[in-house]
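Visitor: Read off the chains here:
Number of protein chains: 2
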Amino acid sequence: MQLAKRPSIREVAALAGVSPAVVSAVLNGTNSTVRFSPDAANRVRQVAENLGYIPNKLTRSIIRKSPLAIGVLTPWPDHEKYGKIIKILAQEFRNRGYHMIVEVCDFDPDNFLRHFRDIVSMQVGGMIILPFATSQFDKEAVFKLATRCRRMSPATVVVDWYWQEMILDSVNVDMKQLISLPLRHLLDNGHRDIVCIGCGSPRRASYITEVLAEYGLESRGEYCTSGLAQIYKQDYEEGRMLAEAALKLSPRPTALMCIQDRMAIGAYKVCELAGLKVGRDIAITGGDNMIMSQHMTVSLTTVDIHTEKFAQALVDILMAKMSRENPDIPHVLEIVPHLVVRESSDFKL
Amino acid sequence: MQLAKRPSIREVAALAGVSPAVVSAVLNGTNSTVRFSPDAANRVRQVAENLGYIPNKLTRSIIRKSPLAIGVLTPWPDHEKYGKIIKILAQEFRNRGYHMIVEVCDFDPDNFLRHFRDIVSMQVGGMIILPFATSQFDKEAVFKLATRCRRMSPATVVVDWYWQEMILDSVNVDMKQLISLPLRHLLDNGHRDIVCIGCGSPRRASYITEVLAEYGLESRGEYCTSGLAQIYKQDYEEGRMLAEAALKLSPRPTALMCIQDRMAIGAYKVCELAGLKVGRDIAITGGDNMIMSQHMTVSLTTVDIHTEKFAQALVDILMAKMSRENPDIPHVLEIVPHLVVRESSDFKL
DNA sequence: TGTTTAAGTGCGACCATGACA
DNA sequence: CTGTCATGGTCGCACTTAAAC
Chain A
160 MQLAKRPSIR
170 EVAALAGVSP
180 AVVSAVLNGT
190 NSTVRFSPDA
200 ANRVRQVAEN
210 LGYIPNKLTR
220 SIIRKSPLAI
230 GVLTPWPDHE
240 KYGKIIKILA
250 QEFRNRGYHM
260 IVEVCDFDPD
270 NFLRHFRDIV
280 SMQVGGMIIL
290 PFATSQFDKE
300 AVFKLATRCR
310 RMSPATVVVD
320 WYWQEMILDS
330 VNVDMKQLIS
340 LPLRHLLDNG
350 HRDIVCIGCG
360 SPRRASYITE
370 VLAEYGLESR
380 GEYCTSGLAQ
390 IYKQDYEEGR
400 MLAEAALKLS
410 PRPTALMCIQ
420 DRMAIGAYKV
430 CELAGLKVGR
440 DIAITGGDNM
450 IMSQHMTVSL
460 TTVDIHTEKF
470 AQALVDILMA
480 KMSRENPDIP
490 HVLEIVPHLV
500 VRESSDFKL
Chain B
160 MQLAKRPSIR
170 EVAALAGVSP
180 AVVSAVLNGT
190 NSTVRFSPDA
200 ANRVRQVAEN
210 LGYIPNKLTR
220 SIIRKSPLAI
230 GVLTPWPDHE
240 KYGKIIKILA
250 QEFRNRGYHM
260 IVEVCDFDPD
270 NFLRHFRDIV
280 SMQVGGMIIL
290 PFATSQFDKE
300 AVFKLATRCR
310 RMSPATVVVD
320 WYWQEMILDS
330 VNVDMKQLIS
340 LPLRHLLDNG
350 HRDIVCIGCG
360 SPRRASYITE
370 VLAEYGLESR
380 GEYCTSGLAQ
390 IYKQDYEEGR
400 MLAEAALKLS
410 PRPTALMCIQ
420 DRMAIGAYKV
430 CELAGLKVGR
440 DIAITGGDNM
450 IMSQHMTVSL
460 TTVDIHTEKF
470 AQALVDILMA
480 KMSRENPDIP
490 HVLEIVPHLV
500 VRESSDFKL
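Same order as they appear, the protein sequences are chains A and B.
Numbers 160 to 508, taken from my numbering, label the letters of the first sequence in order.
Numbers 160 to 508, taken from my numbering, label the letters of the second sequence in order.
None of these hints come from the bench; they were simulated from the model.
Some clues are possibly wrong.
Put simply, identical chains are the same to the list, so a pair is met inside one copy or across any two.
Lysine-lysine pairs mimicking DSSO-like chemistry, simulated, CA-CA at most 30 Å apart [to be verified]:
id	residue 1	residue 2
1	Lys164	Lys407
2	Lys303	Lys216
3	Lys303	Lys164
4	Lys243	Lys468
5	Lys468	Lys436
6	Lys216	Lys164
7	Lys298	Lys468
8	Lys164	Lys243
9	Lys335	Lys164
10	Lys298	Lys407
11	Lys298	Lys335
12	Lys436	Lys303
Generate coordinates for the entire structure from the input sequences, incorporating the hints supplied.
Guide: Below is the structure:
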């Protein structure tokens, strides 16, 4: 399709009786050597307004070699956490004079690369990836991908990057705290039979083992169940299924520690249906501190990950990279989460 | 900031031993009159790959006068409904070869106009606004704004536009159904004392009066309470406050019809704390069919607004406008919602 | 047929020119 | 005659495309 006809700088110049150079100087008042009379300036502004002339930023970018936009690549723009980040990014980028190009990707390496190239072809100043890979990913493939991206890319910052053997500029939540904060809380409240839902990955399991050891306890495999849906809508379902399985264990757990609020909400239902009152008969904790969690009839204990700080860190690191001072030093920032104790777990056993 | 140095078409041409015209023809294989040998093509592709050359889409757009992107302007990218729409838009636009520029706006006319101009300056082919104005808006100001936007804008499609005296291309949910579907459902189940939460606007109130009249009932002002937060996080709070007030009415309502799921969830808490079991002692309905609603311990009756169909309609109308066949005919599409009956209201009085 | 050349594409930055005090 | 200010012309940006070779 073709663009609708828009007035050009020449038309404005002709109608205002000046040269295009003056129009340009008047309308973007930069450090041009072109001087103009106040009268000429007024005429230009008047004509531009009447004609609805809006300068073409694309050509400006070509000439000045200045980036117009920053790319954001994510599989989950509709996820509350990423939606919040995107909102903050949009505002921060705008304040700095950049547009934000949002692309929705999946985790197929070829598709990913295609998205990446497309964004680069828009001459973006940088890119933010929320997130690059999940724990289910093939390490080898991601490594290749990351390498190719770094080669052709501008500044790129990644979210939730936990592969320390391959350092990328990234902002991550301190995963250990994410797990140990609610776990300690439950242990301190006297719970000993705790099922950890959504913590099946080796890394997460090891953190759990570590904390349990501090309390003189051993970890039991069946009390640590996996399940991190790639489609976040499924998290509720998974939480429900895993909670159902958990309640069948013997001894029956007195607490369910869920890695996410959505899983925890799914677990609520299972417990209530089993006649267990959440926050009295059984403790449940979540993670991510979604807005709804504080509004549940029994409000949910969760781990807040400081989304605003998180997004701000993304912006800061990206801007540092874009300014290309110390371009080779990777910036890795860990956000330390904090526990929000609410009704669902606020009782001693 | 300046863009990082990227290889230019000339460098590729030089290294491949051909002219830039051939590089261009090889890499975007369009209907150029430039022919080239398979051998030359291979060399070009090889060199481009090695150098990491990616064509600059901005110049291509300037030359071809083809739009590169479509703008999306919204105050609430983090809202589940709009997040879902944004996700679908991103995919649809990509399939059609466009990028998506997302800007976060507020409802101040000046700021809005600034955003609008900025997006237009990116030579977008069209724009989607989610949504343009809320019911609290000054009609006069919005009218002026819409007029100015239409003048300088390319194709623009708006969401949730209910001012029929000023027609814009738009996709809207059939507001009357949104209200009458759950209301009829409650009336059919024998409820007579129904408080409508979040339905204080004249338009909404009139629909309620209409439906009640069909059942031989009169509407009572205090059973129809206002409150549509501009910040959607506050919806839970408002739902709670309005539900609290509702329960104090005499006769006490047997049903609460909330315009939104978030308000309904807020109302859940109030009812349970008052010793009323939702779905048995009191009926509650919501609107928007958010994902969490089906996962509540007592699942929530709600009105589904077919978000996918909604987003698809936005794309279809925008594309029709962009192709500029019948540019002057406004396209208005109403999405008819449907009721999803769940546990929270599935009982006869 | 294969390849090069030249003419655009909208705009910005610089420079030479000119008017005027 | 010099200095200041206003203005138009020209070139360049990175690429596409029609036409020439």
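Visitor: Please go over all the hints and tell whether each is borne out by the structure.
Guide: Verification of the hints:
With identical chains, the CA atoms of Lys164 and Lys407 are never at most 30 Å apart, being 68 Å at best within one copy and 61 Å at best between copies. Within a single copy, Lys303 and Lys216 get their C-alpha atoms only as close as 35 Å, which misses the 30 Å cut-off; across copies the closest is 26 Å, which meets it. Within a single copy, Lys303 and Lys164 get their C-alpha atoms only as close as 44 Å, which misses the 30 Å cut-off; across copies the closest is 23 Å, which meets it. For the identical chains of this complex, Lys243 and Lys468 are neighbours both inside a copy (11 Å) and across copies (24 Å), given an alpha-carbon limit of 30 Å.
Taking the shortest Cα distances, Lys468 and Lys436 never come within 30 Å of each other, neither inside one copy (35 Å) nor across copies (39 Å). For the identical chains of this complex, Lys216 and Lys164 are neighbours both inside a copy (16 Å) and across copies (19 Å), given an alpha-carbon limit of 30 Å. In the homo-oligomer, the alpha carbons of Lys298 and Lys468 lie at most 30 Å apart inside one protomer (29 Å), although the nearest pairing across protomers, at 38 Å, exceeds that limit. For a Cα distance limit of 30 Å, the shortest separation of Lys164 from Lys243 qualifies neither inside one copy, at 37 Å, nor across copies, at 33 Å.
Neither within a single protomer nor between protomers do Lys335 and Lys164 lie at most 30 Å apart by alpha-carbon distance, with minima of 57 Å and 39 Å respectively. For the identical chains of this complex, Lys298 and Lys407 are neighbours neither inside a copy (35 Å) nor across copies (60 Å), given an alpha-carbon limit of 30 Å. In the homo-oligomer, the alpha carbons of Lys298 and Lys335 lie at most 30 Å apart inside one protomer (21 Å), although the nearest pairing across protomers, at 53 Å, exceeds that limit. For the homomeric pair Lys436 and Lys303, neither the shortest alpha-carbon distance inside one copy (49 Å) nor that between copies (56 Å) is at most 30 Å.
Hints 1, 5, 8, 9, 10, 12, counting from the list given before, are not met by this structure.
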